[in-house]
Amino acid sequence: MVLSHIPAQLAAAEIAEEYKVKAAFIFKMAKFIEWPANSHTDFGLCVLGDDRFGKEFDDFESRKISSLNIKVRRYNQSASVDKGCNILYISESKRPFLSEILDEFKSYPVVTISDMRDFAERGGMIELTSGKKLGFIVNLKSATKAGIKIAAPLLQLATVIK
Amino acid sequence: MKINKILVSTLIIAMVAFSSSSLADDVTSYDDLDLADLLSLEITSVSKKKQRLTEAAAAVYVITAEDIRRSGVTSIPEALRMAPGLQVAKMDNNKWAISSRGFNAQFANKLLVLMDGRSVYTPSYSGVYWEVQDTAIEDIARIEVIRGPGATLWGANAVNGVINIITKNSSETHGGLVVAGAGDEEKGYATLRYGGHLGENTHGRAYLKFNDRDSSYAPALNSSAGDDWESFNAGFRFDGEIGKFNKWTFQGDIYERDLNQTVGSLFVNPNDPANNPPNFASPYQLLNIAEKFDASGWNLLGRWERNLENDASFNLQVYYDHTERSELILDQENNTFDIDFQHQFIPSEGHQLIWGLGYRHVKDDFNNSYGVRLLPNEASSQTFSAFIQDEISLLNDKLRVTIGSKFEDNDYTGFEFQPNIRAVWLPKEGHTLWGSLSRAVRTPSRIEDSGFLVTSIIPQFPAPAIEVPTSGTSDFESEELTALEFGYRVQPKENLSVDLSLFYNEYDNFQTFETTSFTNAVIPVFPFVTTVPSQFIFDNKSEATIYGLELAMDWHLKEWWRLKANYSYLELSIELDSASTDTISPPVSAGSVPKSQLYLRSAMDLSDNWQLDIWAHYVGKLKQTSFSNPQSIPEYTSLNARLAWFVKENIELSVTGNNLLDDRHPEFAGERYVTPTEIERSIYAQIRWEL
Numbered sequence: 000m001v002l003s004h005i006p007a008q009l010a011a012a013e014i015a016e017e018y019k020v021k022a023a024f025i026f027k028m029a030k031f032i033e034w035p036a037n038s039h040t041d042f043g044l045c046v047l048g049d050d051r052f053g054k055e056f057d058d059f060e061s062r063k064i065s066s067l068n069i070k071v072r073r074y075n076q077s078a079s080v081d082k083g084c085n086i087l088y089i090s091e092s093k094r095p096f097l098s099e100i101l102d103e104f105k106s107y108p109v110v111t112i113s114d115m116r117d118f119a120e121r122g123g124m125i126e127l128t129s130g131k132k133l134g135f136i137v138n139l140k141s142a143t144k145a146g147i148k149i150a151a152p153l154l155q156l157a158t159v160i161k
Numbered sequence: 000m001k002i003n004k005i006l007v008s009t010l011i012i013a014m015v016a017f018s019s020s021s022l023a024d025d026v027t028s029y030d031d032l033d034l035a036d037l038l039s040l041e042i043t044s045v046s047k048k049k050q051r052l053t054e055a056a057a058a059v060y061v062i063t064a065e066d067i068r069r070s071g072v073t074s075i076p077e078a079l080r081m082a083p084g085l086q087v088a089k090m091d092n093n094k095w096a097i098s099s100r101g102f103n104a105q106f107a108n109k110l111l112v113l114m115d116g117r118s119v120y121t122p123s124y125s126g127v128y129w130e131v132q133d134t135a136i137e138d139i140a141r142i143e144v145i146r147g148p149g150a151t152l153w154g155a156n157a158v159n160g161v162i163n164i165i166t167k168n169s170s171e172t173h174g175g176l177v178v179a180g181a182g183d184e185e186k187g188y189a190t191l192r193y194g195g196h197l198g199e200n201t202h203g204r205a206y207l208k209f210n211d212r213d214s215s216y217a218p219a220l221n222s223s224a225g226d227d228w229e230s231f232n233a234g235f236r237f238d239g240e241i242g243k244f245n246k247w248t249f250q251g252d253i254y255e256r257d258l259n260q261t262v263g264s265l266f267v268n269p270n271d272p273a274n275n276p277p278n279f280a281s282p283y284q285l286l287n288i289a290e291k292f293d294a295s296g297w298n299l300l301g302r303w304e305r306n307l308e309n310d311a312s313f314n315l316q317v318y319y320d321h322t323e324r325s326e327l328i329l330d331q332e333n334n335t336f337d338i339d340f341q342h343q344f345i346p347s348e349g350h351q352l353i354w355g356l357g358y359r360h361v362k363d364d365f366n367n368s369y370g371v372r373l374l375p376n377e378a379s380s381q382t383f384s385a386f387i388q389d390e391i392s393l394l395n396d397k398l399r400v401t402i403g404s405k406f407e408d409n410d411y412t413g414f415e416f417q418p419n420i421r422a423v424w425l426p427k428e429g430h431t432l433w434g435s436l437s438r439a440v441r442t443p444s445r446i447e448d449s450g451f452l453v454t455s456i457i458p459q460f461p462a463p464a465i466e467v468p469t470s471g472t473s474d475f476e477s478e479e480l481t482a483l484e485f486g487y488r489v490q491p492k493e494n495l496s497v498d499l500s501l502f503y504n505e506y507d508n509f510q511t512f513e514t515t516s517f518t519n520a521v522i523p524v525f526p527f528v529t530t531v532p533s534q535f536i537f538d539n540k541s542e543a544t545i546y547g548l549e550l551a552m553d554w555h556l557k558e559w560w561r562l563k564a565n566y567s568y569l570e571l572s573i574e575l576d577s578a579s580t581d582t583i584s585p586p587v588s589a590g591s592v593p594k595s596q597l598y599l600r601s602a603m604d605l606s607d608n609w610q611l612d613i614w615a616h617y618v619g620k621l622k623q624t625s626f627s628n629p630q631s632i633p634e635y636t637s638l639n640a641r642l643a644w645f646v647k648e649n650i651e652l653s654v655t656g657n658n659l660l661d662d663r664h665p666e667f668a669g670e671r672y673v674t675p676t677e678i679e680r681s682i683y684a685q686i687r688w689e690l
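Chains A and B supply the protein sequences, listed in that same order. Residue 88 in numbering that gives the first Met the number 0 sits at position 89 of the first sequence, with consecutive numbering throughout. Residue 641 in numbering that gives the first Met the number 0 sits at position 642 of the second sequence, with consecutive numbering throughout.
These are computed hints drawn from the structure, not numbers from a lab. These numbers were taken from a predicted model, which means no experiment stands behind them. Keep in mind that the hints are not guaranteed to be accurate.
[To be verified] Listed next, the in silico SDA-like pairs over lysine to any residue satisfying Cα-Cα at most 25 Å (straight line):
#1 K30(A) - L32(B)
#2 K131(A) - E648(B)
#3 K54(A) - I67(B)
#4 K19(A) - E308(B)
#5 K54(A) - K246(B)
#6 K19(A) - H555(B)
#7 K131(A) - R305(B)
#8 K161(A) - L38(B)
#9 K19(A) - N168(B)
#10 K243(B) - T128(A)
#11 K54(A) - W559(B)
#12 K70(A) - H555(B)
#13 K70(A) - E648(B)
#14 K132(A) - Y29(B)
Bound conformation, chain A alone:
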């Protein structure tokens, strides 16, 4: 059924170490990405679905990426997602609707990131993988189609799908 007999520790305040590392990674990685010219007044760091980053993302709000202030936005539904998002992290909770969501954003200059399995293969731009160590897969075709440029130093660390 729903929740296990032995209560799971899923209290929101507790952020798994894995997500602290992933949050730091997303922030550093953004410096190697170039978005097409736009009229954004802030840098939209967006989360769609269950948020496992919590405060880790909120702490970025005092900082800048490409000289814009980071602004964290969270959404339950893809229809509500603001086109002002620069990065859209798609949570595992949206797996059943991934195809529809990727289809909706395919031509918008937003970097889609997720740690759900097969994300890059299904058309997502950056898939975070975690075995014993963090890794990532870049779908270069999806990025190019949306006008996103990813710098070589980042691609060197990635597994690239063309």
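Here the structure of chain A is known, so what remains is to put chain B in place on it, guided by the hints.
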């Protein structure tokens, strides 16, 4: 009051332990690392298959820590009023009757209640003494309320619902907390909690809680009901990690209640010369006895969770729970030892398998009274259980089917089989449809198996009085439920969600009281010789049907204003077998639950540091709630409000008013020995200070 000294010294020792340990903040920052460094870190991935409540194939409602704080409740049973489908009623100021989807009673027995995985029902009657279930309210992370059967995972007695009270991990409760308040009904209360690091990967906290509560009003006495009470609680929780893959928890509580009650009616032995000749107005019954009594207990629980590769994990949990309670009507002591093991893994793509094993040993000891006896007065029983369930993901995870069963062997009824099948379908974003078919059993309690309850005494002066008992029997069988449920959750807008559940429950082998012998007697009001029942037994000669719906809505209207509403509706019927002679239980089973209940809540942030919460609940009429107090309870509406002011970020002052619309109203009548009472309006002020 020895136990209180133990409580205080426990807390002091714990506080010293924390303060002497290093409290340096655990700043793990990955800021200074560059990309390549981040990619070289070893990480543990948390299991991805965490069940989301909006996608659960069951009727689940979560009362959050925020809900609890903003309602100002000082006890767990009062917090449960927020959940749809539950019926929460006060019998007097220290007794609650709580049930899910019908069959509420003083000894309601179809609800499983867990505190951090520890079952808190009393094996003597399979119900919960709510007045002893407590913890620091501020340390509760959430209360999950699952209406409907949860027997496949939780086992017997998870028939009409499961309530899971989950406290915060001690890594989230660092620092000190002082909560103190006072009012008219809540005469005075205080909670102290302190938590911190106990080493690099270990956290801990300890709490101490005291409440002093006033009496309610007894219309029959036209005065105070004499049900004021004091409660003491203390406890601790430690959580830690060993390496990257092991998590552990060790926790415990100790409590004492100093309770008062006015015993409405107590039978005395008609064969005892001291009770003869009987009092003419109430022969062989003592009325309205003011009683002071105690209940106390302690528990210890340990849990170990190990994450394995490929999203697999196992859990092992062990606990020991001791309770005792001494009343005129019965002294009882229960010792429970429980061990549970659970393993989840992915056997192949698209499957998530969970299986587990459990063992429980309960040892009881009763000091019988004339009116209530357990024969023998000491016994132990054990239950072995196993369960397995597979969640199968289909259509790109849009359809999930869960099949499973619990298998249990207990000392009363032997082998029990409790299977279920559930399915959830996510047709599009924001829409969840689910359905389930399940079987659950409610196994016999000690009283139904081997109890002896004096039910009435018919004086036959000068001949000896006739004593009419109700006896438990080892032939009493489990009550069996077959439940069909459907639900639809929809989030039409980002800020609005609606959750509808429909259910149809059929109970076989439902409890009845059957007459096993008759005798000739002279009834005082009808002074001829007539035939009257002289003995009843607990039996299983009826069927019950319940159907109904629950609707819950959550509307985040504005950033500063949130509305929540619940509505519950239920129809219930009892059908006796042709062989049944029971006229006592059907009116109570059918009459103790309101057809409709409505709960509305408004939570407003008036400004950055002022919050106003207003909530109201309506409970429909109850025709009859007790076998021995055949009064009806009129419908009522209760209006409540709380105003809070954050003087500083860490200091909150609040005033809470409950039952503002009337001076007092009855909510439920308990059995013969509980004097019917009315719950009064109450107002209290509180300070909450985080240090």
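Hint check:
1. K30(A) - L32(B): holds (14 Å)
2. K131(A) - E648(B): violated (40 Å)
3. K54(A) - I67(B): Distance of about 22 Å is within 25 Å: holds.
4. K19(A) - E308(B): Since the Cα atoms of K19(A) and E308(B) sit roughly 20 Å apart, the hinted pair holds (cutoff 25 Å).
5. K54(A) - K246(B): holds (22 Å)
6. K19(A) - H555(B): Roughly 29 Å separates the two Cα atoms, so the pair is violated.
7. K131(A) - R305(B): holds (16 Å)
8. K161(A) - L38(B): holds (22 Å)
9. K19(A) - N168(B): holds (18 Å)
10. K243(B) - T128(A): holds (18 Å)
11. K54(A) - W559(B): Holds, at roughly 21 Å.
12. K70(A) - H555(B): holds (21 Å)
13. K70(A) - E648(B): With a Cα-Cα distance of about 24 Å, the restraint between K70(A) and E648(B) holds, given a limit of 25 Å.
14. K132(A) - Y29(B): holds (14 Å)
In this structure, the earlier hints numbered 2 and 6 are contradicted, and the remaining ones agree with it.
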